[in-house]
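Student: The task is simple: from the sequences and hints, build the whole structure.
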Amino acid sequence: MRVHLVRDVLDKQLIDVSGQNAGKVDGIVLQLRADKPPAVRYIEVGPITLARRISRRLGDWVARLDARLGEGRGVPIRIPIARVALDSPSLRLDINADRTPIMALEQWLRRVIVSHIPWS
Amino acid sequence: MKRLLGIALGIVTSIGGFLEIGSITTAAQAGADYHYQLIWAVLLGTICIALLIEMSGRFAAVSKHTVADAVRERFGLHFFLVPLLLLFFVSILVLAAEIGGVSVAIEMVTGVRFPIWALPVGLLAWGLLWYGTFSVIENGVSLLGLITITFLVAALQLGPNWHALMAGIVPSLPSKQPSHYWFIAVSILGASVSPYLFYFYSAGAIEEKWDETYIASNRLVAALGMGFGGFLNVAVLVVSALVLAPRGISVDKYQQLPLLLSNLWGRIGLGLFALSLFVTCLGATTEIALALAYQIAQGLGWNWGEDLEPSGDARFSLTYTIVLLVGTLLVLTGIDPLKLTTLSMALTAASLPVAIIPFLVLMNDDKYLGEHTNGWLGNVSILVVSVLASIVAIVSIPLEIVGGS
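Going line by line, the protein sequences match chains A and B. Under this note's numbering, the letters of the first sequence match residues 1 to 120, in that order. Under this note's numbering, the letters of the second sequence match residues 1 to 405, in that order.
In case anyone wonders, no lab produced these hints; they're calculated from the structure. Treat the hints with care, since some could be wrong.
[Unchecked claim] Selected chain A positions facing chain B (in silico; Cβ < 7 Å):
(1) Asp-11
(2) Lys-12
(3) Gln-13
(4) Lys-24
(5) Ile-28
(6) Glu-106
(7) Ser-120
For each residue, glycine too, the CB sits at the ideal point set by N, CA and C.
Tutor: Put into C-alpha cells, the structure is as follows:
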C-alpha cells in the first residue's frame, strides 16, 4: 500500500487502544541512511513539535516550559512508527495514551484543577 | 417515530435559538433607520445560514469529522491556525456582546446597571456547561427561546402595510446615509451568518452520532428551523419600523431596545423583551464558548465532548472556562454592549471569507463527502455573499466609526 506521509499521516487524528483521542500527528521523523532510501522512524505528538513548526524560537520556549513538568520532559514526544496503524480517516495507536506523556497535561489539569471543583 | 420527534425538536430549537443580541439589535436598527428597506438583508442572511448549517450537518453525517478537525487535517497546521486566531478574536467579542445582552436583560428588570451582572451571568453559563449535558443546553435553552415568538405576535398586532413590507424584500439603494445603510446591512449578515454556528453544529452532529441516514432530516431542520427563525428576525425589524421609526428613535442606546415591546404592551412588554433577551443571549453565550473550545480541542486532537464529565476532558472544559472568563471580563469593564454588538457583527461579516472558503473547499472534497459534495448553486451563492459582505464591511466599518454618511 502506498502511503503519502503529508496527505495520510501528518496532522491526522490519533486514537489510542482505549478509543480515546490521543492528539494529532504533529511531526514525522525520518532517518536518512547511506545508500538506502530514508526510513520513517517515529511520529511526534504534542505542543513542542507543534510550536517548532511555527517557529524554532517558539518551539524552544515551549520546550523550556515543558521541561518544568518533570523528569524526561522538555523534548518532543516520540512514538515508534511500528505502534501506529492506518485506520482511515484516523490513525490507531496500539498503546494506551494515558501511560504516555501525550496525556500528561490532561492528567495534570485533572488532578490540579478539575478535581478541586465541587461535584466534578 | 423517534426520528420524527428529533426532527421536530431540531426545528423548534433552531427557531428558539435564532435570535440573540446581534440579530435583535441589527434588525431593530434597520427598522428604526430604514423602515422596511433592509428586509432583504435579513432574508439573505437567513438563506445563507440555512445553507451553511445544512452543509455543516451533512459534512459531519457523511465524513464523521467535525469542521475544525477536517480543516486541520486537510490544510495543515498553518492554515488551521490563521483562521482560528482571527475567528477567536471576533468570536470573543461576540461572546462578550452576548454576556452583555444577558446582563442588560437583568438591568431592564432590576434597574441595577449591567456590569454588576456580568460575573453572575458568566458563572451561570459556565455552570450550565460544566454540569449540564449537550441536550440540556441545546434543547432546554433553545426551547425557552421560543418566547421570541412574541415579536411575531407584536408585528401582527401592529398590522404592517404588507405591500410596503414586500417591497423591502428586493434590495434597493439607500434613501439616506448610504454608508450607515451598508454598515447595518453587513451587520445583519454578520449577525445571522455566524461562523461559530457551523463549527458548533458539526460538533453537535458528531456528539449525536449522525450518519448518512440523517442527510434528509438535516436538510429539513436547516430549512424550516432557520427559515422560521429568519421570520422572527424580520418580525423584530417590522416592529421596530412601526414602533421606533415613527417616534424618530434611532437605536443608539441599549436602553431603547425594550421600547419595541413595552410601547405596545407596557410593563408586560418590557418583561417579555427582557426575558427574550435573557434566554436567547444565554443560549448564544453557551454555544459560542463551546464552539471555541470545540475548535481548539478538535484541531489539536484532544478529548472533547459536552456529554463527557469535565474530568474526562479537562483541557476542553478548561478552555471554555477561560473563554467565558475573558468574555465576562470584557463586559465587566463597562464597555457599551450595543456598540460592542454592532461592531462585532460587522467584524464577523468582514471575516466571513476566512471562515467560509476553507469550509467550502472541504464541502467539495469527495474524500470527505463521497457523492454528497456541494452543488454549484450552494457554492457560488455562499462564496459571492461572503466575499461581498466582507468587502462592504471592510469599507463601511471605518466610515461608521468616524461617523461619516
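Student: A separate judgement is required for each hint: does it hold in the structure or not?
Tutor: Comparing the hints with the structure gives:
1. Asp-11: holds, 5 Å
2. Lys-12: holds, 6 Å
3. Gln-13: Since chain B brings a Cβ to about 5 Å from A/Gln-13, closer than 7 Å, the hint holds.
4. Lys-24: holds, 4 Å
5. Ile-28: violated, 12 Å
6. Glu-106: holds, 5 Å
7. Ser-120: holds, 5 Å
In this structure, the one hint that does not hold is number 5.
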